[in-house]
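*Asks:* Using the sequences and the hints, build the whole thing.
Just so we're aligned: 153 in numbering that gives the first Met the number 0 is position 154 of the sequence shown, and the numbers increase by one with no gaps anywhere.
Rather than coming from a laboratory, the hints here were simulated on the basis of the structure. Treat the hints with caution; some may be incorrect.
As the list claims (entries may be wrong) - Distance ranges between label pairs, derived from CB positions:
#, residue 1, residue 2, range
1, ALA41, GLY63, 37 to 45 angstroms
2, GLN28, GLN96, 13 to 21 angstroms
3, GLU51, GLY222, 50 to 58 angstroms
4, ALA103, ARG214, 36 to 44 angstroms
Claimed, not checked - Simulated pairs of lysine-lysine, DSBU-like, Cα-Cα distance not exceeding 35 angstroms:
#, residue 1, residue 2
5, LYS104, LYS149
6, LYS149, LYS209
7, LYS99, LYS209
8, LYS149, LYS95
9, LYS2, LYS149
10, LYS209, LYS104
11, LYS2, LYS99
12, LYS99, LYS149
13, LYS209, LYS95
The structure displayed is predicted, hence computed values, not measured ones. Quick reminder that beta carbons are idealized off the backbone N, C-alpha and C, glycines included.
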Amino acid sequence: MRKASRLFEIIQILRLARQPVTAAMIAAQLEVTIRSIYRDIAALQAMRVPIEGGRGIGYILRPGFDLPPLMFSIEEMEAIVLSLALLERTGDDELKQAAKRVGAKIAGAVPPPLRQTLDANALHAWGFAAPSAGAIDLALVRRAIRDEEKLDLSYRDELGRASERLIRPIALIYYAETANIVAWCELRQAIRNFRSDRIEDCLPTGLRFKGEGDRLRQIWVNGWEVNAAAAG
0 MRKASRLFEI IQILRLARQP VTAAMIAAQL EVTIRSIYRD IAALQAMRVP IEGGRGIGYI
60 LRPGFDLPPL MFSIEEMEAI VLSLALLERT GDDELKQAAK RVGAKIAGAV PPPLRQTLDA
120 NALHAWGFAA PSAGAIDLAL VRRAIRDEEK LDLSYRDELG RASERLIRPI ALIYYAETAN
180 IVAWCELRQA IRNFRSDRIE DCLPTGLRFK GEGDRLRQIW VNGWEVNAAA AG
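*Replies:* Below you can see the structure in the form of structure tokens.
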């Protein structure tokens, strides 16, 4: 980790801490030596970052300290603008509102020259129709992925055949015309894709699959890579 990144991370650790944090704790989290942390804290204090404390008792960041304005290159700012514009076209109302809030926060935090990139309105996500989410709330699916909660689907396949599926959702893929839920299907005992516009109902179950999400995602990624290699 470069020194500039490390200094930023130290500030973040101290900002979030509710009690003094020792150099050893910070060093373990950042995977560097304790001596490096002592030097970094001294450097931050020399820059007038209000860090109090000392060796053996830990360090705290005095309340009220704010980081300097966000700094991006012009290209990075353009990437943010375009990414937020694309995000607003996902058909996911919760994400669209979140994208607007992120844009407003960035506009209020960056220096005036970079804010001009936001205000110029020169980059657009055009030609992408908002995908149909069908009858389901994609925010519910995203929460289920985060919380590792099983979902109960009423689903129709491409031939119109109806079925009930109990799934373990692990990923959500947004396409121009729809969204796909990637999930472990307990009926098929395999990973399957479910198009959101073919789902007639989607209900939370309260049943958890804690600790399995990462493993199932790795199985899915491995299968994807095998298929890509075979196609190549």
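*Asks:* Now look at each hint and say whether the structure bears it out.
*Replies:* Okay, the hints, checked on the actual structure:
1. ALA41 - GLY63: 37 to 45 angstroms: violated, 21 angstroms
2. GLN28 - GLN96: 13 to 21 angstroms: Hint violated: Cβ distance 33 angstroms, outside 13 to 21 angstroms.
3. GLU51 - GLY222: 50 to 58 angstroms: Since the Cβ atoms of GLU51 and GLY222 sit about 52 angstroms apart, the hinted range of 50 to 58 angstroms holds.
4. ALA103 - ARG214: 36 to 44 angstroms: Given about 38 angstroms between the Cβ atoms, the range holds.
5. LYS104 - LYS149: At roughly 34 angstroms apart (the allowed maximum being 35 angstroms), LYS149 and LYS104 satisfy the hint.
6. LYS149 - LYS209: holds, 10 angstroms
7. LYS99 - LYS209: holds, 32 angstroms
8. LYS149 - LYS95: holds, 25 angstroms
9. LYS2 - LYS149: Roughly 43 angstroms between the alpha carbons, so the hint for LYS2 and LYS149 is violated.
10. LYS209 - LYS104: holds, 33 angstroms
11. LYS2 - LYS99: Roughly 33 angstroms separates the two Cα atoms, so the pair holds.
12. LYS99 - LYS149: Cα-Cα ~30 angstroms, so holds.
13. LYS209 - LYS95: Status holds; Cα separation ~28 angstroms.
Going down the numbered hints, you'll see the structure goes against 1, 2 and 9, while the others check out.
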